[in-house]
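S.K.: Read off the chains here:
Protein chains: 4
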Amino acid sequence: MPNDQVRDALRRFADERNWGQFHTPENLAKSISIEAGELLECFQWSSEPDLAHVREELADVFTYCLFLADRLGLDPNEIVLSKLEATRGKYPVEKSRDRSDRYDVL
Amino acid sequence: MPNDQVRDALRRFADERNWGQFHTPENLAKSISIEAGELLECFQWSSEPDLAHVREELADVFTYCLFLADRLGLDPNEIVLSKLEATRGKYPVEKSRDRSDRYDVL
Amino acid sequence: MPNDQVRDALRRFADERNWGQFHTPENLAKSISIEAGELLECFQWSSEPDLAHVREELADVFTYCLFLADRLGLDPNEIVLSKLEATRGKYPVEKSRDRSDRYDVL
Amino acid sequence: MPNDQVRDALRRFADERNWGQFHTPENLAKSISIEAGELLECFQWSSEPDLAHVREELADVFTYCLFLADRLGLDPNEIVLSKLEATRGKYPVEKSRDRSDRYDVL
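So the protein sequences, as listed, match chains A, B, C and D. If you read the first sequence in the numbering used here, its first letter stands for residue 2, the second for the next number, and so on. If you read the second sequence in the numbering used here, its first letter stands for residue 2, the second for the next number, and so on. If you read the third sequence in the numbering used here, its first letter stands for residue 2, the second for the next number, and so on. If you read the fourth sequence in the numbering used here, its first letter stands for residue 2, the second for the next number, and so on.
I should point out that these hints are in silico values taken from the structure, not numbers from a laboratory. Honestly, I wouldn't trust all of these hints.
Said to hold, decoys possible - Derived DEER-like restraints, expressed as beta-carbon distance ranges:
| hint | chain 1 | residue 1 | chain 2 | residue 2 | range |
| --- | --- | --- | --- | --- | --- |
| 1 | D | Lys96 | A | Arg103 | 26 to 32 Å |
| 2 | C | His54 | D | Asp5 | 38 to 44 Å |
| 3 | C | Tyr104 | A | Ser101 | 51 to 57 Å |
| 4 | D | Thr25 | A | Tyr104 | 24 to 30 Å |
| 5 | B | Ser83 | A | Arg72 | 20 to 26 Å |
| 6 | B | Arg103 | A | His54 | 14 to 20 Å |
| 7 | D | Asn4 | C | Ala53 | 34 to 40 Å |
Unchecked claim - Listed below are the simulated DSBU-like cross-link pairs for lysine-lysine, each with C-alpha atoms no more than 30 Å apart in a straight line:
| hint | chain 1 | residue 1 | chain 2 | residue 2 |
| --- | --- | --- | --- | --- |
| 8 | C | Lys91 | B | Lys91 |
| 9 | A | Lys91 | D | Lys91 |
| 10 | B | Lys96 | B | Lys84 |
| 11 | D | Lys84 | C | Lys84 |
| 12 | B | Lys84 | A | Lys84 |
| 13 | C | Lys84 | C | Lys96 |
Claimed, not checked - Listed below are several chain B residues computed to face chain D (Cβ distance under 8 Å; list not exhaustive):
| hint | residue |
| --- | --- |
| 14 | Lys31 |
| 15 | Trp46 |
| 16 | Ser48 |
| 17 | Ser101 |
Beta carbons: idealized from backbone N, C-alpha and C, even for Gly.
Only chain A is shown next, with the shape it has when bound in the complex:
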């Protein structure tokens, strides 16, 4: 995540436009929040959104996340698995099964 093909396609897209100058980590973090808001807009008044629209907005969130990971030299697969291990420690199965509470109130 991404496979190399996706990462390379995104790099090439930005390079052709010389957009690295705009893709500072801070601008990318803002962009992720902005796109997350557009994704949420699909669910603003209903829990049954238009799937084609969700698909596009989710793609935008992924795209900026991938740009930020690449910019910071982070491997998306690695950071997700590593965070999952930490989360596993905070949410032991026996305590968290069938519960949505935060670890600090479990």
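Based on the hints, put chains B, C and D in the right spot on chain A.
M.R.: For chains B, C and D alone, kept in the frame of chain A given last:
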């Protein structure tokens, strides 16, 4: 994105806790916005954040994006590449090079 | 909104700490998104949140909105009423009654 | 905040359209995040945004905050001042002057 190992690890993590009941598309979309806000918080007052913190928050955004893609039967690689093609059409190289303007003002 | 008492209390609070240097419009806009995410977190897994928590997080969103309005010389009452007039034009009663659709699909 | 005129105008606007059915606290919290993202978009690639646009987007955030406060029976002035007192306790002037650090690292 994810490779199968990551997708399977996330599925197993949620299944062990029986969290599918909480992972509705709407709740996952809210979660993506919430985590995007936590990522942005790393940059609230400075453009030079603590990298270890950014890494964790970015992992959280990715994680909920992956849960949502899996829930909706979407392939992250496929939707990113497909959206990139659409974006390519809106931002031709000759018009968008060195510019951060939106396509509708290019 | 705010009444003068609130605006003056916020100004004094920031001035005593010399925080005007951090309160650039951009940092305040980021702060509003961050706090909006914390407010949304009250509703992450349930539509029945803890009211005391909502109250605090909503206060934080208002606070940064007021800081931004003050920084930009905007009168909150005036901009809300002025935007409401524009929205009224986009959502005529006869078309928008009992509907949550956006104006462009009404 | 709001003065009575603003609160009454917002109530009348929603009542005429029978939009109370959509204005659940959860939907309003989502709406605040969505509008906060649109406000942030004004600052996506630059710290010098178009002021007329900021003004509109900030008005939208205020509007949904006011709807949520009204729905929950909260007085915006009161909750902001009350939260400010709590924040004052966490950020004593002598410790927080000229610093943007969070209270837990001061």
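S.K.: Now look at each hint and say whether the structure bears it out.
M.R.: Evaluated hints:
Our hint of 26 to 32 Å for Lys96 of chain D and Arg103 of chain A holds, since their Cβ atoms are close to 28 Å apart. For the hinted restraint 38 to 44 Å between His54 of chain C and Asp5 of chain D, the CB-CB distance of approximately 27 Å leaves it violated. Range check, Tyr104 of chain C to Ser101 of chain A: about 35 Å between beta-carbon atoms, so the 51 to 57 Å window is missed. For the pair Thr25 of chain D and Tyr104 of chain A, the beta carbons lie near 28 Å from each other, so the given range of 24 to 30 Å is met.
The hint said 20 to 26 Å for the Cβ distance between Ser83 of chain B and Arg72 of chain A, and at roughly 23 Å that hint holds. A hinted range of 14 to 20 Å holds for the C-beta pair Arg103 of chain B and His54 of chain A, which are about 18 Å apart. Evaluation of the 34 to 40 Å hint for Asn4 of chain D and Ala53 of chain C yields a failure: the beta carbon distance comes to about 26 Å. With a C-alpha separation of about 27 Å, the suggested pairing of Lys91 of chain C with Lys91 of chain B holds against the 30 Å cut-off.
Taking the CA atoms of Lys91 of chain A and Lys91 of chain D, the gap is about 27 Å. The hint holds against a cut of 30 Å. As the CA atoms of Lys96 of chain B and Lys84 of chain B are separated by approximately 19 Å, the hinted pair is consistent with the 30 Å bound. For a cut-off of 30 Å, the pair hint linking Lys84 of chain D to Lys84 of chain C stands: about 27 Å separates their Cα positions. A threshold of 30 Å between alpha carbons decides the hint, and for Lys84 of chain B with Lys84 of chain A the separation of about 27 Å falls inside it, so the pair holds.
Of the supplied pair hints, the one linking Lys84 of chain C and Lys96 of chain C holds, its CA atoms being roughly 19 Å apart against a limit of 30 Å. A cut of 8 Å between beta carbons decides the hint on Lys31 of chain B: the least distance to chain D is about 7 Å, and the hint holds. At about 4 Å, the closest approach between the beta carbon of Trp46 of chain B and any beta carbon in chain D falls short of 8 Å, and the interface hint on this residue holds. For the restraint placing Ser48 of chain B at the interface with chain D, the shortest Cβ-Cβ distance is roughly 10 Å, beyond the 8 Å limit, so the hint is violated.
Against a cut-off of 8 Å between C-beta atoms, the interface hint on Ser101 of chain B holds, since the closest Cβ of chain D lies about 4 Å away.
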